[in-house]
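Colleague: With chain A's structure known, arrange chain B on it following the hints.
As they're listed, the protein sequences go chains A and B.
For what it's worth, my numbering labels the leading residue of the first sequence as 310, then goes sequentially.
For what it's worth, my numbering labels the leading residue of the second sequence as 310, then goes sequentially.
Hint data in this document are derived by calculation from the structure and do not stem from the laboratory.
Quantities reported herein were computed from a predicted structural model and do not represent experimental measurements.
Ideal Cβ positions, reconstructed from N, Cα and C, are used throughout, including at glycine.
Relax, there's no trap hidden among the hints.
Chain B is faced by these chain A residues, among others (derived, beta-carbon under 8 Å):
(1) E342
(2) G456
(3) L606
(4) E627
Number of protein chains: 2
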Amino acid sequence: MAESDVRLGLVGLGTIGTGVVQLLREHGESIAERLGFALRLVRIADIDLVRDRSVPLEGIELSTAWQDVTGDTGVDVVIELVGGRGVARSIVLGAIEAGKPLVTANKALLAHHGREVFRAAEERGTEIAFEASVGGTIPVLRALREGLCADRIESVWGIVNGTCNFILTEMEEGGEPYEACLKRAQDQGYAEPDPTFDVDGTDSAHKLAILVGLAFGVEVGPEAIHTEGIERITPVDIEYARRFGFRVKLLAIAKSQDGAVEAHVHPTMIPGESVLGRVTGSMNAVEIRGRMSGPTLYYGAGAGALPTASAVVADVMELARSLRTGATGRVPPLGTPRLRPVSVRRVEDLEGHYYVRVTALDRPGVLSRITGALGARGISIESVLQLGRSVSQAVPVVLTTHVAKDEALRAALREIDSLGDVTGPTQLIRIEREI
Amino acid sequence: MAESDVRLGLVGLGTIGTGVVQLLREHGESIAERLGFALRLVRIADIDLVRDRSVPLEGIELSTAWQDVTGDTGVDVVIELVGGRGVARSIVLGAIEAGKPLVTANKALLAHHGREVFRAAEERGTEIAFEASVGGTIPVLRALREGLCADRIESVWGIVNGTCNFILTEMEEGGEPYEACLKRAQDQGYAEPDPTFDVDGTDSAHKLAILVGLAFGVEVGPEAIHTEGIERITPVDIEYARRFGFRVKLLAIAKSQDGAVEAHVHPTMIPGESVLGRVTGSMNAVEIRGRMSGPTLYYGAGAGALPTASAVVADVMELARSLRTGATGRVPPLGTPRLRPVSVRRVEDLEGHYYVRVTALDRPGVLSRITGALGARGISIESVLQLGRSVSQAVPVVLTTHVAKDEALRAALREIDSLGDVTGPTQLIRIEREI
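So here's chain A without its partners, still in its complex pose (with noise of 0.2 Å):
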């Protein structure tokens, strides 16, 4: 080992790190051309050192305490792939301690330990990266932070969770239930065993504060982001979307205005043939407006070990560098020195358009009823589907308004979910025609 070579500690060999020394090992010659020195790999701690991962690990010191790693003076920089915000938290504060740089990936712990994290890491006078914490290999948040810089950042953005596109793109394709969507995601490795996280829009919502704080330079937590997921999303809203030319995407959005800033994840509708439209399967995107910029978008894998491997080395290269070059310090995590205090507008206060679809049995005058109750509370009609007709049983009353007030529109469901020709609870989906 060269004098100048860097060494690797990683904790967590699941997929993700089993990904890290598979591409360590099969473009260690390429990076090394580029760094003008080696990465070395040459610690790695997991609490399960038994199963097989079909990587070759010889040369590399196994332990199952992470603090073999994070204490080990022959390591310079620290990988966390352990996930989830317990262990993930005690391991990265203390490569932080340690005074070593730290790559991680995990979104949960930075957006709801974000601050501390980051403070620890100034205070001590070392770095952390975190790429592939959103939108898997895709360099968004390197975007955000240098590309972008000389902007002031309106809005963001994003499809940032591929189980729910992939689940939601079957659906469109197949014109299959959500459930069944779910069990093919399971079975061709796009969804965990427990999905939990993804399809509720937990794990959106915490991409989104890690981008807000890039975007905006505020904090937001994950429990200021109102968040829904795809779980009551039905082939027939898909198909009443599609109508309307709108695709149904889980978007995670946040904007900045007027020094407030909003902050939302769940099931919208967006014109079927934008390009954010265009994105299917398991792929992300995530699409930022700045002032001057413009609108610019991302996209690529959201996940995959390979994938996501790339943006975790890439981090190691960019902390390696600064190692080596005394360029500590150069970016802060979130692109400012300082996150400044923000508030956060109500979910109730939003505005915008929506589709709604009732539930209804098709009595005269009911369509009166329904729209009576919108226009009472001020909400107009843009346009009204009603397809099919049955004398016994309930049909579908799809309706989109124009601009309308979040609160407002709960109120006119409320009232419309009581009416006597209703027979299930009404579907609400926001409309986002700009993007």
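Modeller: For chain B alone, coordinates are given in the frame of chain A:
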């Protein structure tokens, strides 16, 4: 002015230069907040100091000689926005010789003299940044240089000329001929009064030369890039493309395989429903495929004063940070310390699918004679469309081929064009299905 402020000198107060002045005025405060010090534009040189640019210039020293900027000891960073390869080369080399970090958007200069310029900067120990030279506001060079640096890039292709994409989109949407759409592009400011270098593909070839350097770490000059423009594309071709499910885009394409590189610029039919196919108007997009990362795509405004200024000032911020943290030379301009020699594949040896439109008299046996010329050279036909019949006038015979060699196809076309039935030159457009 504070001690830590970084002082900028700008050469070239044209469209982008004016955008830089405006951006620095309007975003100066937020930029200073991010950097921890301010950027001060202290000097501007332009040969025309009379024309009104509608931006305030007070407090900035103006002169007509670029040497006043590069030679000013009070200037820390030089911004070159003159364009072209003549005086711009002197300015860039002058700034480097004076030891000043330099930002440029000059793709022609870098494509032709990149090696000279980068070597001079390295020898002088100063830095050069050029994000705005490709893709306008889109931070795609950063993505290649740092975001994807752990990967090995297999291909990079994109729509990198907004003028051509605007014209092709107008032709597609309105069915109008090239000349009318070019005129509209000029009227609306999307094309220069002399649009030659845009529409003939030269500008795209310059940008591809830069992308190739970053993607593959090799040097390919613009003269080695086979380049065709959009002047010969007709509404008829665009309509046939639509029938086959394609759109026509001017693509810059580079691929690396088995140690050889191919690089070419030409109108290309790509799947209309692909993300790249949805890039309309003057927008740009670049798709990069990496061995580990898979496909990633970067989309945004490829031109315009403020979008381009956003990229220029982001570069200034990077160089200013290098100055203040002593991180100069952290990453080489093309991401690798030494470009490798490479063999560029001859365009004649390339293989692919093709669209062929023959203009022929509708005589018995004409289709057999055309397909015979192709079959004799081992080119098999995927589909044939012969629409419209006429006893007196020539009709289009349109076909698409299976994978064929460029050289064989061109030989077949020479034979076809010499047939007595054929009344005009045959149109040939490459098809990229895998986009």
